[in-house]
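Protein chains in written order, with my numbering: chain V, 384 to 652; chain W, 21 to 285.
No wet-lab data here; the hints were simulated from the structure. These numbers were taken from a predicted model, which means no experiment stands behind them. Where a beta carbon is used, it is the ideal one built from N, C-alpha and C, also for glycine. Honestly, I wouldn't trust all of these hints.
Residues of chain V clear of chain W, computed beta-carbon distances all greater than 10 Å [what the hints assert, rightly or not]:
{"#": "1", "residue": "Arg-396"}
{"#": "2", "residue": "Asp-472"}
{"#": "3", "residue": "Ala-482"}
{"#": "4", "residue": "Ser-486"}
{"#": "5", "residue": "Asn-519"}
{"#": "6", "residue": "Arg-538"}
{"#": "7", "residue": "Lys-599"}
{"#": "8", "residue": "Val-641"}
Some but not every residue of chain V turned toward chain W, in silico, with C-beta under 7 Å [what the hints assert, rightly or not]:
{"#": "9", "residue": "Gly-509"}
{"#": "10", "residue": "Ile-510"}
{"#": "11", "residue": "Asn-612"}
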Amino acid sequence: MSSQKKVTKRELRQVFWRSFALQGAFNYERMQNLGYAYAMIPVIKKLYEKHDDQVKALNRHLEIFNTTPAVSTTIMGISAAMEEQNANDSNFDSNSINAVKASLMGPLAGIGDSLFWGTFRIIAAGIGVSLATQGNIFGPILFLILYNIPHLFLRIAGLRMGYRVGVNSLERIQKEGLMEKIMSMTTTVGLLVVGGMVATMLNITTPLEFDMNGAKVVVQDIFDQILPNALPLLGTFIVYGLMKRKVSITKLTLGIIVAGIFLHWIGLL
Amino acid sequence: MVAQAIMLGIIAGIGILDSRIFGVLMLERPLVTGFLVGLVLGDVQQGVLIGAQLELIWMGIAGIGAATPPDVVTGGVLGTAFAILSGQGAEVALVLAVPIAVLAQSLGVLVRIINTYFMHKADKFALKADFRGVTLMMWIPPILFFLSVFIPTFLAIILGAEQVKNLIEAVPETILGGLKVAGNLLPVVGFALLMDMLFSKKMAVFFFLGFLAASYTSLDITAIALFGACIAVVIYIVINNNNGNQGHQEKESYNNLTEGEIDFE
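Work out the full structure, taking the sequences as your base and the hints as a guide.
Set out below in structure tokens:
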């Protein structure tokens, strides 16, 4: 019998670098499939020598795939571990490789989107923007650093963990509810930061004032005494409400431009 | 001017490739492209200021799932560049960038449609176990993505800078003031998009806590993020303790993500 086939650090490092190009050939039919297959090529080459086996493996990874790029390496690690098993064990069901990919890409995308888009990016951008609005050129640099530390860490750690512990660990994590705990913790921080940004980064005030028996009443001062930043808060919830009613982003954006000009013209804003 | 236009085109090209072949390092965000545009046009500070404003507007725009979002790259680069070149402030950038981003989006859609052709080609190479062929099919689409923003950016700067300046100077003062107000209102869309992703009745209290902390105290965003991390850990500990007696009861609160299907059209 042939000796055990094994994926080494070398291939995993190649998968890591190739994973960055995941969406390079994004298409509407099978989305990130070509990028995924491209990332798996070093593993396929290492594990399979026979032409037929290589064809089968390439076809497997050209199937539809779509997830948050940051978590893709975790799934690639698992795929590498399963391909390795498949190469060594003729009884291994190769269909399970894609079944696992398909079952992981949705849940991991949900977590990845909320972690990276919803939380890390927002915190990093919040800090970067607050510096940048003071004209500080380190705003953009700090933004990139703060975001990419957890991002690159997960790419490396996810690939390693995915390869080493394979499918089982993810199932265990899901059963123990660890995913939900991580999600609830990051959503907490994300919402706190978004709330803070609504208060500090929206410059919406009214110049409205009127005379009341000779006393000048400045409407903005009243707002500031009752609830500072009441107008930004109100504006955010109006737009959020419209979004919930499925008004499209483009319509909302154009609507706001028109509304801004109109409200300024009648003197409300 | 030609040299600057080429450099701005390259900035846009790098930006669009960020989510294609650079693994989404955030080089595409207006905060970063604004800084780079400022460098090229010799006004870094203005570039950073405008980039920050555009970042706020588009904070919530994300290419989640299969949707193709407005092209914040072309919008960001051209909006910032025109604002600097015409000597106008951030308001002008905002109002130019938003429609440009929507227009440029259609080119991104076109490239994604064309890519299907290369994907089918890759299938054929895969049948011959031709790794080189598959790799080649993988690397042609990024070139298309690059050109889809490089060419419009280059042409817009070469042909449009003067016209945009004249156009802006012809706009009456009331409209310009109104545009400034609109520019201040627009970031609301970004925040609402984030809410769509994170907000739920159960978690609403944290949004308000962050809002009130920033409104009534002088805490900045960094401080709120750090306090937030501590609060999250405290909650984690409390839930863990409770779990001992009550088991899981916190299950369903995070499926609101899939609900947040956003319609960009």
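Since Val-641/V was said not to touch the interface, does its Cβ keep a gap of more than 10 Å from each Cβ of chain W?
violated (8 Å)
Least C-beta distance from Ala-482/V to chain W larger than 10 Å
holds (20 Å)
Does Asn-519/V clear chain W by more than 10 Å, comparing its Cβ with all Cβ atoms of that chain?
Contrary to the label, Asn-519/V does not stay out of reach of chain W, its closest Cβ about 7 Å off (not over 10 Å).
Interface restraint verdict for Asn-612/V against chain W (beta-carbon cut-off 7 Å):
holds (5 Å)
Taking the shortest Cβ-to-Cβ distance between Asp-472/V and chain W, state whether it exceeds 10 Å.
Non-interface label stands for Asp-472/V: nearest chain W Cβ at 22 Å, farther than 10 Å.
Decide, holds or violated, for the assertion that all CB atoms of chain W are farther than 10 Å from the CB of Lys-599/V.
Non-interface label on Lys-599/V holds, nearest chain W Cβ at 22 Å vs cutoff 10 Å.
Measuring Cβ to Cβ, find out whether Arg-396/V lies farther than 10 Å from everything in chain W.
holds (15 Å)
Is it the case that Arg-538/V keeps its Cβ farther than 10 Å from each residue Cβ in chain W?
violated (7 Å)
Taking the least C-beta to C-beta distance, is Gly-509/V closer than 7 Å to chain W?
The hint holds - Gly-509/V has a Cβ within 7 Å of chain W, the shortest such distance being about 4 Å.
Does the interface hint hold: is Ile-510/V within less than 7 Å of chain W, judged Cβ to Cβ?
Hint on Ile-510/V: holds, closest Cβ of chain W at ~5 Å, below 7 Å.
Taking 10 Å as the cut and beta carbons as the points, is Ser-486/V off the interface with chain W?
holds (15 Å)
In this structure, the hints that do not hold are numbers 5, 6 and 8, in rising order.
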